[in-house]
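J.: Spelled out from the first residue to the last, the chains are:
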Amino acid sequence: DAGITQSPRHKVTETGTPVTLRCHQTENHRYMYWYRQDPGHGLRLIHYSYGVKDTDKGEVSDGYSVSRSKTEDFLLTLESATSSQTSVYFCAISREHYEQYFGPGTRLTVT
Amino acid sequence: GQQVMQIPQYQHVQEGEDFTTYCNSSTTLSNIQWYKQRPGGHPVFLIQLVKSGEVKKQKRLTFQFGEAKKNSSLHITATQTTDVGTYFCLSGNTPLVFGKGTRLSVIA
Numbered sequence: 807d808a809g810i811t812q813s814p815r816h817k818v819t820e821t822g823t824p825v826t827l828r829c830h831q832t833e834n835h836r837y838m839y840w841y842r843q844d845p846g847h848g849l850r851l852i853h854y855s856y857g858v859k860d861t862d863k864g865e866v867s868d869g870y871s872v873s874r875s876k877t878e879d880f881l882l883t884l885e886s887a888t889s890s891q892t893s894v895y896f897c898a899i900s901r902e903h904y905e906q907y908f909g910p911g912t913r914l915t916v917t
Numbered sequence: 104g105q106q107v108m109q110i111p112q113y114q115h116v117q118e119g120e121d122f123t124t125y126c127n128s129s130t131t132l133s134n135i136q137w138y139k140q141r142p143g144g145h146p147v148f149l150i151q152l153v154k155s156g157e158v159k160k161q162k163r164l165t166f167q168f169g170e171a172k173k174n175s176s177l178h179i180t181a182t183q184t185t186d187v188g189t190y191f192c193l194s195g196n197t198p199l200v201f202g203k204g205t206r207l208s209v210i211a
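Protein chains in written order, with the numbering used here: chain A, 807 to 917; chain B, 104 to 211.
In short, the hints are calculated from the structure, not lab data. These figures come from a predicted structure and were not determined experimentally. Yeah, the Cβ is synthetic: ideal placement off N, Cα and C, and Gly gets one too. Keep in mind that the hints are not guaranteed to be accurate.
As the list claims (entries may be wrong) - Per label pair, the in silico range of CB-to-CB distance: (1) A:THR877 to B:ALA181: 29 to 35 Å; (2) A:GLY846 to B:ASN127: 15 to 21 Å; (3) B:GLN106 to A:ARG815: 42 to 48 Å.
Unchecked claim - In silico contact screen, one side only, chain B against chain A (beta carbon under 7 Å); selected entries: (4) TYR125; (5) PRO146; (6) PHE148; (7) GLN151; (8) PRO198; (9) LEU199; (10) GLY204; (11) ARG206; (12) SER208.
Next up, chain A with everything else stripped away, as it sits in the complex (with noise of 0.2 Å):
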């Protein structure tokens, strides 16, 4: 597997606070995503960088913000954490922009 870890691998957090999840890769990807995956819904990207201060929205990106200062990190930052993020976050890193290797995920559970 490719060196790519998640942290926190699962969270328990109340509606409202904020909510940080990160991504480290040691394999020196240029591109790094951040999915969200919910039943029925599959696999649905949040945001994604392509180098570091680069960063572009995705499919579902309202509610949340990312930062990559540096190659090897990518943040994915929920402001103020609603039900509706509850979900399991996935993080995937690609040399260019085509095979993906994801991490572990972080499930993510908002009450």
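Given the coordinates of chain A, work out where chain B should sit on it, guided by the hints.
T.: Here is chain B on its own, set in the frame of chain A:
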């Protein structure tokens, strides 16, 4: 916007039977990728198809890309219990869009 329809949503087969999942796009694709996700796991890249009419094989798995580059299929011959999981296609166009997946169950 771009849509990727994947069917069927679920498929239950007896071990040894064949299985096929299909993806159809509303737009022409630059490439299409296939992923497998085991229950409780993360998606794992299987293959990428780029050329019109391309056919690739991986042991019992056969992947096809349509002539018009708008559809693709994954066929598994003689399923085994190790094939259990959800199979997703991913459009290579920007923005990236996954099909909703086909969940395969194999009854031994």
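J.: Taking 29 to 35 Å as the stated bounds, is the beta-carbon spacing between A:THR877 and B:ALA181 within them?
T.: violated, 44 Å
J.: Classify the hint on B:PRO198 as holds or violated, based on whether any CB of chain A lies nearer than 7 Å to its CB.
T.: holds, 6 Å
J.: Using 7 Å as the Cβ threshold, decide whether B:ARG206 counts as touching chain A.
T.: Result: violated, 10 Å to nearest chain A Cβ.
J.: Take the C-beta atom of A:GLY846 and the C-beta atom of B:ASN127, compute their distance, and say whether it sits inside 15 to 21 Å.
T.: Holds - the Cβ-Cβ distance for A:GLY846 and B:ASN127, about 19 Å, lies within 15 to 21 Å.
J.: How about B:TYR125: closest beta carbon in chain A under 7 Å, or not?
T.: With a minimum Cβ separation of about 15 Å from chain A (threshold 7 Å), the hint on B:TYR125 is violated.
J.: Measuring from the C-beta of B:PHE148 to each C-beta in chain A, is the shortest one below 7 Å?
T.: holds, 5 Å
J.: How does the Cβ-Cβ distance of B:GLN106 and A:ARG815 compare with 42 to 48 Å: does it lie in that range?
T.: violated, 32 Å
J.: How about B:GLN151: closest beta carbon in chain A under 7 Å, or not?
T.: holds, 6 Å
J.: Interface hint check: B:SER208, Cβ to nearest Cβ on chain A, cutoff 7 Å. Holds or violated?
T.: With a closest approach of 16 Å, the B:SER208 hint is violated.
J.: Are B:GLY204 and chain A close enough, Cβ to Cβ, to be under 7 Å, as the hint says?
T.: Check passed: Cβ of B:GLY204 comes within 5 Å of chain A, closer than 7 Å.
J.: Measuring from the C-beta of B:PRO146 to each C-beta in chain A, is the shortest one below 7 Å?
T.: This interface hint holds because 5 Å falls under the 7 Å limit.
J.: If you take the shortest Cβ to Cβ gap from B:LEU199 to chain A, is it below 7 Å?
T.: holds, 5 Å
Figure legend: structure checked against the earlier numbered hints; hints not met, in rising order: 1, 3, 4, 11 and 12.
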